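Q: Please model the complete structure; the sequences and the hints are all you need to start from.
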Amino acid sequence: MARRPDDEYDYLFKVVLIGDSGVGKSNLLSRFTRNEFCLESKSTIGVEFATRTLEVEGRTIKAQIWDTAGQERYRAITSAYYRGALGALLVYDVTKPTTFENVSRWLKELRDHADANIVIMLIGNKTDLKHLRAVATEDAQSYAEKEGLSFIETSALEATNVEKAFHTILAEIYRIISKKSLSSGEPAPASVKEGKTITVGGPEPTKKACCTS
Amino acid sequence: MQEPELHDLSDDADYAASQQQASASVMLRSDSTKQSSSSEPDSAEIVFTKDNVAIHPTQFASERISGRLKLIKQGSSLFMTWIPYNTPSSNATLSEKDRNLYTIRAVPFTDIRSIRKHNPALGWQYIIVVLSSGLAYPPLYFYNGGVKEFLATIKQHVLLVRSAEDANVFIVNDFQNPLQRTLSSLEMPRAVSIAGEPSNISVNESTLNENEERIDSGANDGSSSVSPYRVRSRQRVNDPARDISIQVLEKFSLVTRFARETTSQLFGETQSNGFGAIERRTLEETPRVRSKKSFNVGEKYVDESLVPPDPLEFDKLSLVWGKPRQTPLGSDEWITFLDSEGRVMDSESLRRRIFYGGLDHNLRKEVWGLLLGYYSYDSTYAEREYLKSVKKSEYETIKSQWQSISPAQARRFTKFRERKGLIDKDVVRTDRLLAFYDGDENPNVTVLRDILLTYSFYNFDLGYCQLVELLDSPLHKYFEQHDCLNYFFCFRWILIQFKRELEFESTMRLWEVLWTHYPCEHLHLYFCVAVLKRYRKKIMGERMDFDTLLKFINELSGQIDLDSNLMDAEALCIWAGENGAARIPPGTPPSLPIDDVSLYPQLEDEVL
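Here the protein sequences come in this chain order: A and B.
Residues 1 to 213 (full-length UniProt numbering) make up the first sequence, in order.
Residues 1 to 608 (full-length UniProt numbering) make up the second sequence, in order.
No wet-lab data here; the hints were simulated from the structure.
Predicted, not measured: the structure shown is a model, and the values here were computed from it.
Where a beta carbon is used, it is the ideal one built from N, C-alpha and C, also for glycine.
Be aware that a few hints might be false.
[Unchecked claim] A few chain A positions that, by computed beta-carbon distances, are all more than 12 Å from chain B:
1. 10
2. 34
3. 108
4. 112
5. 134
6. 136
7. 143
8. 149
9. 163
10. 164
11. 167
12. 174
[To be verified] Per label pair, the in silico range of CB-to-CB distance:
13. B:451 / A:57: 25 to 31 Å
14. A:130 / B:362: 48 to 54 Å
15. B:395 / A:176: 55 to 61 Å
16. B:505 / A:179: 52 to 58 Å
17. A:50 / B:503: 18 to 24 Å
18. A:147 / B:444: 27 to 33 Å
19. A:51 / B:503: 23 to 29 Å
20. A:130 / B:397: 41 to 47 Å
21. B:543 / A:50: 19 to 25 Å
22. A:139 / B:411: 32 to 38 Å
23. B:503 / A:34: 45 to 51 Å
24. A:57 / B:505: 46 to 52 Å
A: Here it is in structure tokens:
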């Protein structure tokens, strides 16, 4: 795709937002990309997109966030959106235990359809609803450790930790990318400089076949 | 280069089919007039003859076909014929069969909507004849001049009015005449036609192929009755983008090919049903396009020449176009469709009227009931009132069923709980920006929730929103090659029938138009194709991959113009005809999902 001159960046990272319906994925995205929050935002159908460009360790990173539909009825198509994603933000609602219980199902989705090296962050959203909290921070924390995920709690409404969550995952992706290009002896890949999306699985023998293709 | 291929009309089944369809519809309509006629045909009189009138099926001079244009008067009817010369010009490469494809056999002027004349600064004068069905003949070039004379002769015999909007367009049988418009809205097209006389004319050169008579012209039929009709901006002379592109016209053959290709690849696949040849050609073409692109690695611009031309470039050409959209059906006109007791006298014409213009908002409450099959068309006012009261109590009964489920029952009734949770979640974020659903504690929101939940109870297994297991068929070639499974980028369009892509008012308009099932049951799919075709050059030119395409399509939200795409969808639907319908996999939900128990088996008694 032709690149606009004002669209300068060093890396383009595709990150997917996943998790049960109504946990606040779309609002995390709108908070991060537009600093907006809407209590009655429409339910996502299929997928929606937003981007934000930010600095990570001196590099300009363009984050392309794919906000997927959480409802079960869309499951068959949402999995197709994981392809090429470098990161996944797996969101649950701290006031709804079922959304936390379903995290394992979402992890399975990712393992089935996403790249094996995808960076996953577990996000407990809606911490502003303190009186309704039903999932303890410690439980989620220990689950994340067990599964090897990073973990953070956020409130899209109060804008708590939203910035931090995105920064953390983008930085983690960047670290992996730069380490990878270091270990493979290549300089920071030129193609990436051109603003191309990179695939973690890349030229290595892929551990998992990519989805749908 | 593939250019010669693209322009090669020989053996082009599509072109043949389109011609056949066009001429068949003309013939059929003539035929139906004939049946209603009681008089014997008068002898025909040739009132105008012009030699060396040619069509240019391709850009190659060698393939131009010259012939004789005639106006023939029979009784009070006027007909036009154009018959190619039997002796092809010296270097012609087209076969007899091909030449016959272009023959215009006695088309009555009642079937002609308009004639547009072109006087290019360089080159020959030509005209484009547009039929009231929306189809148009290829341009007719007057090598020896005579366009003016031709039009003057027509004017002596039928009502011919210069368009107020474009001095080069001449409208036949002007329906802007208030009297005619009124009559036509009363579905009396034949009474209106200036020359609507028996068309049992015999023109010795023209022979009607027997097969043509079988072709159903339903989609076109009656179209001459289109009421307040205006030649609109498409034909505005000062807008080059809207000018009918002669180059594209000359690629006439491609029109149908790509329409069908797109349709078939979107809808269904390669059962061989007469279009095998086309599909093979498509398979051959696309790789060539790709390989050419690879020579241009690194290019930043879009080389449009690499994208196969879109035959239905709607903004440039309208060889085939949907009829101009009309104003919505209003109360006064609505009454004219009803008999004294409120029965719809002619549901077909009502649906056609709604298809072309939609409904005034105040009529929706009543007419949607008919469109959606809630009331039957032949119900009276009284019967509708009665049915409404019966249905209302049915609704209350079902509603009380789920309302009576106690919390304890609900805990054991997982499916109900899940469904209710889903609906509760959706309802609070449905259209809350609309005044109707705005604000906290809005009773309309509760009503919506009750309706959805009751519906889910009524049709429990269907689920309340499971419209689509659709378009899982093989994909458009390009999309296939680029791993763009169409299912995904069209998903939202189809699932909620463009509700997120259009303003609320436009959504209602689109829906009621789709519900008419006129001119076909799956118009929403053609609407998808129409939208895609608008952007095909961009999509293919920029070689959009799956992600880019998905994003691009998503961002079309709010940018889709309803009326022009509806016209395009109609045109596509007409072109695709029966073959288009045949490609749509069985079980594909129509635009108006039917409540067919056999399709959606219900689970009974799971509830109580």
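Q: List, from low to high, the hint numbers that the structure doesn't satisfy.
A: The structure breaks hints 13, 18, 22, 23; every other hint is satisfied.
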